[in-house]
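Chemist: Turn these sequences into a full structure, and let the hints guide you.
Protein chains in written order, with our numbering: chain A, 1 to 324; chain V, 325 to 804.
In short, the hints are calculated from the structure, not lab data.
Which residues of chain A face chain V? A partial, calculated answer using Cβ under 7 Å:
#1 1
#2 2
#3 3
#4 4
#5 6
#6 102
#7 104
#8 105
#9 113
#10 116
#11 117
#12 261
#13 313
If you want the footprint, here are the derived chain V segments under chain A, 3+ residues with CB under 8 Å:
#14 374-380
#15 558-568
#16 576-588
Per label pair, the in silico range of CB-to-CB distance:
#17 V:662 x A:121: 52 to 58 Å
#18 V:669 x A:83: 51 to 57 Å
#19 V:513 x A:83: 42 to 48 Å
#20 A:71 x V:746: 45 to 51 Å
#21 V:619 x A:257: 35 to 41 Å
#22 V:371 x A:160: 29 to 35 Å
#23 V:582 x A:265: 22 to 28 Å
#24 V:583 x A:239: 47 to 53 Å
#25 A:242 x V:515: 40 to 46 Å
Just so it is clear, the structure is predicted and the values come from calculations on it, not from any experiment.
In this text, a Cβ means the ideal position worked out from N, Cα and C, and glycines have one as well.
One letter stands for each residue in the lines below.
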Amino acid sequence: MLSRTAEHLFWMGRHIERAENTARMLDVTYRMRLLPASISQPMEPWAQPWAVPLITTGLASDYYALYRDLTEQNVLEFLVSNPDNPSSIVNCLRQARENARTVRGAITSEMWESLNSTWMEQGSVAPETLSPALVGSYFEQIKQRSHMFRGVTVGTALRDEAFYFVRLGTFLERADNTARILDVKYHILLPSPQDVGGAQDYYQWGSLLRSVSAFEAYRKIYRDIIHPRKVAELLLLRNDMPRSLRNCTAEMYRVLQSVAGGTGREAVRQAGELMARLEFARMDDIMAAGLHEYLLDFLERTGALGAEIQTSFFASPETQALVA
Amino acid sequence: MNARVEGPPLAYDELHGADGALHPAYRAYSEWLSKVPPDVLQNKRVEADLLFRRLGITFAVYGDESGVERAIPFDIIPRILSADAWNKVAAGCVQRVKALNMFLHDVYHDHEIVKAGVIPEAQIMGNPAYRPEMQGVDLPGKVYAHVAGVDVVKVGENDFYVLEDNLRTPSGVSYMLENRRMMMRLFPDLFASIQVAPIDHYPDLLLESLRAMAPRPSGAPVAVLLTPGAFNSAYFEHAFLAQQMGIELVEGQDLFVRDRVVYMRTTQGPQRIDVIYRRLDDDFLDPLAFRKDSMLGVPGLLSAYKAGNVTLANAIGAGVADDKSTYVYVPDMIRFYLGEEPLLANVPTYRLSRPDDLCYVLAKLPELVVKEVHGSGGYGMLVGPRSSHQEIEDFRLRIMANPDNYIAQPTLALSTCPTLVEEGIAPRHVDLRPYVITGTDTRVVPGGLTRVALRQGSLVVNSSQGGGTKDTWVLEDGTC
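Modeler: Okay, structure coming up:
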């Protein structure tokens, strides 16, 4: 497959996944706001509800370059529709569709139609869409659209390199997102480790779980009230959780093994290492060393893996050696 | 009845023929149509428009600052040709393309046709599309125009004229294919009752022909489609054809040349390329040989091509045979190379570089169509009978400033076909572009792209100027 094509497919997967993750994050933030202040008020002064999505996405400084005040409407606009924010939902959908348009020949017509109709329907956001009455259903639509694209991909695509690069983008983006959400929330929600239980915990941790579709899974697996440590375990180490770090890295490893050939050995090795570190980790060790440190290290390693994928598969002409 | 069409007098109507009786080719369709309630047709039209948009079958309009993609208007009423009429067009197009390929080989070799006094030397050597780099280069199969689009108009029951030959990077074939798919999706019942010759094998035919022209006698030559990129107005078509043929869609940046061999960059390392179906103009192909500022091409491509290590389709320099000043010689080429009489006529053409023709044309401007020799897309032309006095006088000044740049033709009474417009079904002018493929043989799929001028009375069918398209049906022998 053409290197350029692979790169577009990879980013197509990443962009649609990012749109979904942003929608999820905003959705739970929005729902929290509907709870009484005693529950939704921040435990740390810096953790205003609407600051959290900005911190999680790492876009706070970009935000303040465009807005003066931290308000709900501003944050929603910034993360949903602002054309100057490359990671806004609308921009992600646009880029996913542009990636797809460029490599139409490499994807099924159903995949293309799915992204193209998503763009036609969601490409512009009317101001009233972000109003309290409508914003919830907007996030629902974005999630549905992402689900649909993923389903169409799995249901129609030939299991060839094109499919693998889309999946690679999806899981890299998802791993990055889950790690970030967990890191930020854990920081905010856990000022003192012994302070467990109570309504506030239920709602706060519940919202975190909901943002990664893990609330019901938590109940099923643990049949227990919500303990932060178990939440962390679920999102880090469970291999049956589709958005857990372990599952994401395992998927990346599998996909990379399928596409690696001679050029991607280092990428396979890094993904394998990442997976093994989660597979054989113990929650006690992670907590003892500090979850925050652990997640920072994980984010650094996924960043490095992304860079390695870039050089092995998409690399610019000069670095590709001629095989005689 | 609606107001009468103010087209040229006596435009031949393909539905009613010259005598006003229903044309046999339309009999079965008309019968079907008479049973369809009008609102069903309008609904189908809306459905077609939605489907085209969802499929993303769009083109970008140059000069439109907003950069919006538009769907090309699609008319759901098919244009129907009898097997007899089509056979005549097909044989004529094949004959023409064979002669043009022989002419191009001659142009870049021994100039036999000049020596025989049929075409003046200056017509070749003075042509801006002539590529001296190609002189003496031998191409596989001596094929220059692997894909040709021959624009044909119908003016009577069996009267066709060729308007022009497109031998560089003719476009539109994706619309031919998608229009048929759309019709089969919208009206499956029609195809069950009317025997329409299939066209879906076009991509197969093209791929087979391209690979047959590969320079290496290897078992599995690698072909790619070279596009200028996603911002080109025909990008949809490039992507579509590449997908249909199962070949890579590449941009210049994906290819490189080493030791006069072309490679593409893949996730598994470089892979050698044998055939490039290029949809990029000569000027942009190789910045080392042609335009230095081209970011779209492949440095060194010409050297690989001349070394015989890669086939380009169409060949570099094919444009010398398709401009409007060479056009007038095509009937003579057919006689010279094939020893046959042309099966399809040229439109009588005045060359304004000749003083006699210039005088005549300036006197008759309101009746004539004047075109730029190198123009395309319906731009830079004057349609006398459709222009105001002021427009004609403005154009007169442009002609007088540079007469060599123009040719003129009588205004043809382009045939009309029933077309669904706001007011209902009404006749609109159409043309036809069959696609002629040359590999080891020269072949054409039955039909082509019918373009329709949607504005009442308009003769300009270009999509950039309010034209639409129709599915073109060639009836199987014996069905009408």
